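Start from the sequences, fold in the hints, and give me the full structure.
So the protein lines, in turn, are chains X and G. All residue numbers for the first sequence refer to this note's numbering, where the first residue is 1 and numbers rise by one. All residue numbers for the second sequence refer to this note's numbering, where the first residue is 1 and numbers rise by one.
These are computed hints drawn from the structure, not numbers from a lab. Each hint should be verified, as a subset may be incorrect.
A partial selection of chain G residues facing chain X, derived with a Cβ cut-off under 8 Å [what the hints assert, rightly or not]:
id, residue
1, K82
2, E194
3, M202
4, R205
5, G229
6, E233
7, K245
8, A246
9, T249
10, G252
11, P254
Per the computed footprint, the stretches of chain X lying under chain G, defined by three or more beta-carbons under 8 Å from a beta-carbon of chain G, are [as the list claims (entries may be wrong)]:
id, segment
12, 28 to 34
13, 40 to 50
14, 211 to 217
Just so we're clear, the structure is a prediction, and the values are computed from it rather than from any experiment. Note that CB positions come from ideal geometry on N, CA and C, so glycine has one too.
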Amino acid sequence: MKMVVQQLADDVRLKEGMNACMNCGICTAVCPAAEYFEYDPRSIVVAVQSGNEEKIQQLLTSDTIWMCGQCMSCKTRCPRSNCPGIIINVLRKVSQATGAFVQSRLGRQQYLIMKTIGANLLRYGYCIHPSAVDIQNHPEQGPVWEWVYSNREEVYERLGANLDREGPGAMRKIATNDLLELAVIFEQSGGTVLWQSIETHSKNKAIELGLVDSQGNPCMDLYTNYLLNEDPEF
Amino acid sequence: MTKKKHIAIIGGGIAGLEAGSVLTRQGYKVTIIEKENKTGGLLNHWSSLFPDFSLPGEVLARIQPENPDLTLIHNTCIESIKKENGRFELFDKRHLKLYADALLLATGLSVFDASLKEEYGYGLFINVITSSDFERIHKAGQKLLTAQGDPPKRVAIIHCVGSRDAKVGNGYCSKVCCITGVKQAIAISRMLPECEVFNFYMDLRLYGSKYDALYLEAQKRHQIQFIRGRLSEVSENQDQSLQLKAEDTLQGRPLRMQADMILLLTGLEAARQNENLCKNNHLELDENRFFKSENMQYHRNCSRQEGIFMAGSCICPMSVNETLDSARSAAIEVDNYLTQKER
Ligand SMILES: Cc1cc2nc3c(=O)[nH]c(=O)nc-3n(C[C@H](O)[C@H](O)[C@H](O)COP(=O)(O)OP(=O)(O)OC[C@H]3O[C@@H](n4cnc5c(N)ncnc54)[C@H](O)[C@@H]3O)c2cc1C
Ligand code: SF4
Ligand code: SF4
Ligand code: SF4
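What follows is the structure, given as structure tokens:
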């Protein structure tokens, strides 16, 4: 197995995101995530800069790297032209690829995100599509959404959208050819491999947690339920 | 007796004046060309000097050269230099032509335009001022007041504004702003003993003798607080006070602070005309747009063009005493050059 430092370096984005950090703290000061979480992009950059396997391994298995909202405010401000947001992207990828993500609560949620946003993207061509936010799986959306969801044809029509239909307009149906292209891009750019990696490592985690069916196979419904109810540790 | 050699000095700041005075005493004819209506350069604007709080006027009074062989030309900005038959021709906008056997550049510094760093609010928020603004207020004998007319209860002094910042194209350290920040913090505290003063720094570069003593004095006697974190952005509150965002990097936590005024320690850049001066000859600028020395170690005052020399802060940002040293060593280089040519 390659050293994680090498795995990070293999991602071309690291070159763009990482120049050299002088610990000024501007990124942390401007970062919206740092305002809400125990989260400090500066120290993430410093850890990656150190090239220390142990420290980086720790990041890959931590909640921290999943707290970034990818707003890229840090990119516009860093006096050394680093971009913590991009560095975090690379860490996330290596965490997904190596399976380190299942060791933290926020990391484990990659499975949920993949099954929702990832699946939506490939199926509809949208990260979030009204038809995908169904009522059973999204009680958090409340009674107003329940009503919108049930009457979505009419509601979206009233709003001037073109929900799920051919032709132009908001929320229009994405042409089959375009969806096929998207799938090819996903495949060629390594998305499928990461998808499989998240799937495999999540299944193993389910087994480790004893969330299995009568044959001892991982039960992903139980696992999903487990993830949805997992207690935040921070 | 052979005719006296003539040296032209571009820039009548302390570097140009001191070099001119040394060279006339050595027996040369010197012309100093200054673009403003007054010599003295930036020192005309400063209130008192680190590290001993002496007055700039004292320095200026000592170096005003008076010598029949010295000519001062005011209100003339040199725009280009040409080398012709071993002599230099200088031109300004109105086609002034001046011939010289050797040329000394002493074009000094210009102060970074703080409004380019938009997120710090200079020119947008009325209670954000620069270190140069503060010197002028102090020199005029005025008290520091907010735009609303009240003495500020809290002032934040911001280091590295326009220096060490790839985003504004200045990767270098301006060298004298840290100690200027300490000097000004003390000046504010003396002026307004009730006012809390915070310095936001990334590294405190207090390189000179007595500078650390001043830092100690700032902390011990004046309770100036030093926070290690660079300012990220400023916003204005409804009452025109200010909110700062930084990270206290020693705590590893984002920090919000309210202040009545913010003082930006603006960096130092090379004079703007320098680029033009490099045309039609072998002068070169370094990566920070200051004049490039022939050799960093041994020939700091020699340019890339034979016969053209440099003195003072047109080589790199420097303090007053360093500028004067540099001017004197430049005079030696000029003298060496002209004596060797003679032989
Ligand atoms: C806010 C602030 C506070 C400071 N406080 C201190 C302090 O307390 N103590 C200290 O030691 N140092 C201090 N300094 C540094 C000090 O100002 C410099 O050391 C000093 O000004 C350098 O002198 P100089 O002659 O090299 O350059 P300058 O003072 O910049 O003089 C250059 C002169 O050349 C002229 N010139 C430029 N180009 C041309 C041209 N093409 N043609 C004709 N004329 C030209 C300019 O008009 C100017 O008069 C401070 C700097 C700043 C920004
Ligand atoms: S803003 Fe840039 S230099 Fe400053 S701490 Fe963040 S990454 Fe490092
Ligand atoms: S991209 Fe991430 S690290 Fe950067 S400012 Fe946004 S949330 Fe913070
Ligand atoms: S002297 Fe201090 S404030 Fe000025 S650029 Fe250097 S580190 Fe920054």
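Cross-check of the supplied hints:
no.	hint	in the structure
1	K82	39 Å, violated
2	E194	28 Å, violated
3	M202	5 Å, holds
4	R205	13 Å, violated
5	G229	4 Å, holds
6	E233	6 Å, holds
7	K245	5 Å, holds
8	A246	5 Å, holds
9	T249	4 Å, holds
10	G252	5 Å, holds
11	P254	5 Å, holds
12	28 to 34	holds (count 5)
13	40 to 50	holds (count 3)
14	211 to 217	violated (count 0)
Hint compliance for this structure: hints 1, 2, 4, 14 are broken, all remaining hints hold.
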